[in-house]
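Participant: Letter by letter, the chains look like this.
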Amino acid sequence: MASIVAAAAAFPTFLILAVGLMPAAVASLIDHSRERDLSGCILAANLSGLTPSLVKLWWGGNGLDQALALLSDVFVWLMAIGSAALGWVLVFLIPPLIEVLLIAVANQKLRRLRARQKHLIEEWGEEIAYPGGLPESEKTPARAPVA
Amino acid sequence: MRAPTARPPRAPSSIFDDISARPLPARYELRLGEPLDDLTTPVAAACRVADRENANLDLYALMGDPDLPPRGEAIERLDGISHANLVNQIAVGRVAGAGDRGLHQAVVYERPRGGPLARPDRVPTLDEDALRVLVIAPLCAALRALHNRGVVHRGVRPDNLYFLDAVDGRVGLGDCIIGVPGQAQPLAYEPIERASAPALGRGIGGPEADLYALGVTVLAFLGGAPPGQGLDDVALLRARLDRGTQGALVGGRRFSPRLDTLVGGLLADQIEARWGLDNLDEWLKGERVAINLFLRAERAEKPFRFDGHDCHTTRTVAEAFNSNQAETLLELRSERLEGWLSGELDEPDLAANIAARRRSMSTSRGLRAYPPDELIARVCIDLDPSGPIRYRGMTVTFDGIGPLLAAAVATGDEALANTLAAMISAGLPIAWIEALPERRKHLVHRVAQYIRLQRYLAHPALGFGIERCLYDLNPGLRCFSPLVAAARSHTPKTLLRALDKGEGKGGDWIDPHVAGFIAAALHPKAEATLAETPQPGRPRSVRAMTGLVLHAVAQKATRAGPLPNLARAMREPLVAIIKGLHGRSRRKGMTTALDDAIARGDLPAMLALLGDRRTRTRDRRAYADAVIQYARLSTAIDRVRRGGRRRRQRAAVIGHRLAARIAYLALGITVAAVTVGYVV
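Those protein sequences? They're chains A and B, same order as listed. Everything in the first sequence is counted per my numbering, starting at 162 for the first residue and increasing by one. Everything in the second sequence is counted per my numbering, starting at -16 for the first residue and increasing by one.
Read the hints as simulated data drawn from the structure, not as lab findings. Computed from a predicted model, the values in this text were never measured in an experiment. Please note that a few of the clues may not be correct.
Dumping the calculated BS3-like pairs for lysine-lysine here, alpha-carbon to alpha-carbon at most 30 Å [unchecked claim]:
(1) B:K539 - B:K562
(2) A:K279 - B:K562
(3) B:K562 - B:K508
(4) B:K424 - B:K484
(5) B:K571 - B:K484
(6) A:K279 - B:K571
Counterexamples of contact, computed for chain A against chain B with all Cβ distances above 10 Å [to be verified]:
(7) A179
(8) L190
(9) S209
(10) L232
(11) L271
(12) L281
(13) W285
One side only, chain B facing chain A, incomplete, derived with CB under 7 Å [to be verified]:
(14) S306
(15) A309
(16) L313
(17) A609
Cβ coordinates follow ideal geometry from the N, Cα and C atoms, glycine included.
Go ahead and model the full structure; you've got the sequences and the hints to work with.
Facilitator: Here it is in structure tokens:
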């Protein structure tokens, strides 16, 4: 009996969630990654848009007719889908930014590595790059005598 | 009756104090323009000497050949000697002569008042009494004084005897310091075991050589003529080999029984039978002294005919074999010699030795071990173990090798020098030592020396080779390098200073003679340092490094003082060695340190810098580490350059995670804000 009462009390919320979280459901279907971060992001964003409607429902008595009224309100749809769309914006925008950052880091590392190589060549000579002997194309004129 | 074995000559006691290199005190002024013919010897010119501190003394000097080794051991052991029957020695030292042939060894003597007893070509006749008083007794006393000091005279002959005092007729024996031992002696005055060697290769020998010469001197005065007069050296030697020395020099002449005994005892060809000073003393006292008839046992009735000669003794066979190597090889393949040795001379052991040598000729292993000329030389040693070494037609005594080599190098006789070098390489001096047990015992240090010389000849690098052998065998000999003036090449110290003054011809500072001279003077320190010092790869650098080692060791040992010019002359090739190091900063640091040491003229410091094995090891290891490090860096660079796809994947993962975190945060903020809004 309690479960029936609980189910009857949760149905309006379920209704709002079932309809309002459809963008998150779609994202969940297309996210095949192990971490499931994409679907998590869309879900969180989607939920953010539905939260005002859910609170209004719960504050208004959690009735079925109130739930149906909310579902017919275009602003509720706007917020739910809009927030999901914002979630998708985050998903598409942030990785390229991260990639730019990673490329900058990689370039910095390249510079550092090359600088160390240059230092080694200055100290030990070009032969260090060719332990088996300098190829003809790489031979430079003899070093000037050390003063 | 065997004569005592003489001590071998010692090297100078110290390179700081080589007595034979000391200059003659400045107070003695040699008047080269006032020669004294009656005192001149076959190997030294005599001239008047003025003593600046005592004008009353009547002095003369003998000057030797600067290209021959000095008798360092005689100079050292006779220092300060004074004896009634020796010409009074005043001073010994080096003096400059005319021209640039180096410093001559000179001895200053008090001039004998009565002059010489005889001339080389004119000998007065003396009866037995006069002989005993004027010749035998004084010579016996003089030789005893010398032999007691370990000096063998090797110049006993009539024209080397002097009336020291015109009044009492005291006779004294003359000079023995100038010249190579035996060099001045006519052939008749050389014992048979040394007579076949050339004048410069007769060696010092032992007291038995002096006793023999005394015997021939007695014979000369008895006959009133030099023995063997009228025969050239070849004929005289042949006669002595064929008939024995007594047969050749005395012939059919008879003297009094006492003189016959004396002459027979002193002229014995067999060393063991020859009289010693004790026998002579007994004779002088009038006692009966027997002649050992053992000397007659080794002569065969039936001769061994070879190359047109009749050989009655093994010594004669050895001489004949040495004169005709081709015929000898053919002869050795037969057993004729063995038959003669066993049958005529009763020498079965010797015959067995020869047989073993003959059998070795028929095997390739034997021929590899002993090439034909070496085999013949060893056969000659077997036949005449107390004689000289005979090799490729050349004859030299064991202790004459050094002086003969010096003469060969000084005169540019490359053929002779190479023959002597080949003889040493073949181990023949060692074979000669080992031919008699007595020699094996007393000359063990010479065996070690000749093993070392063989190593030097097998390794003809700077500091080794024939030049090293030359100076090792002739301590006190000047350096024959053409780089510096002869007058400044007698000691390592003067040589270094001459090179520092820029006297090196063409600016060069090392050559095989300089290297061999220094290495021999500073043995074994020089060799030990060379062995410890790492050698660079290129030949020119090896030469420079070896030169630096030798000069540095010499500078330190002789305390020659700073040598900045010499150090500067070495800079270029040494900097080339530094360039062989891999590390730039290490090269720069070493070059700076090298220049500091060069400015100070400090060769040992330069050697310490360049010869430090640890520096090269550290450089090599650091270079190897750097190569590995460079390769690792290359791999890392490659990885970074090729990481685009991975970077994109990583950016996607991180980006989605960040997006999710932002969304969660936004959700939390929204829930909180809405809840608060409704509550408030």
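Participant: Evaluate each hint against the coordinates.
Facilitator: Status of the hints after comparison with the structure:
{"no.": "1", "hint": "B:K539 - B:K562", "result": "holds (27 Å)"}
{"no.": "2", "hint": "A:K279 - B:K562", "result": "holds (20 Å)"}
{"no.": "3", "hint": "B:K562 - B:K508", "result": "holds (28 Å)"}
{"no.": "4", "hint": "B:K424 - B:K484", "result": "violated (48 Å)"}
{"no.": "5", "hint": "B:K571 - B:K484", "result": "holds (29 Å)"}
{"no.": "6", "hint": "A:K279 - B:K571", "result": "holds (18 Å)"}
{"no.": "7", "hint": "A179", "result": "holds (18 Å)"}
{"no.": "8", "hint": "L190", "result": "holds (16 Å)"}
{"no.": "9", "hint": "S209", "result": "violated (4 Å)"}
{"no.": "10", "hint": "L232", "result": "holds (18 Å)"}
{"no.": "11", "hint": "L271", "result": "violated (5 Å)"}
{"no.": "12", "hint": "L281", "result": "violated (5 Å)"}
{"no.": "13", "hint": "W285", "result": "violated (5 Å)"}
{"no.": "14", "hint": "S306", "result": "violated (61 Å)"}
{"no.": "15", "hint": "A309", "result": "violated (56 Å)"}
{"no.": "16", "hint": "L313", "result": "violated (59 Å)"}
{"no.": "17", "hint": "A609", "result": "holds (5 Å)"}
Taken one by one, the earlier hints fail for this structure at numbers 4, 9, 11, 12, 13, 14, 15 and 16, listed in ascending order.
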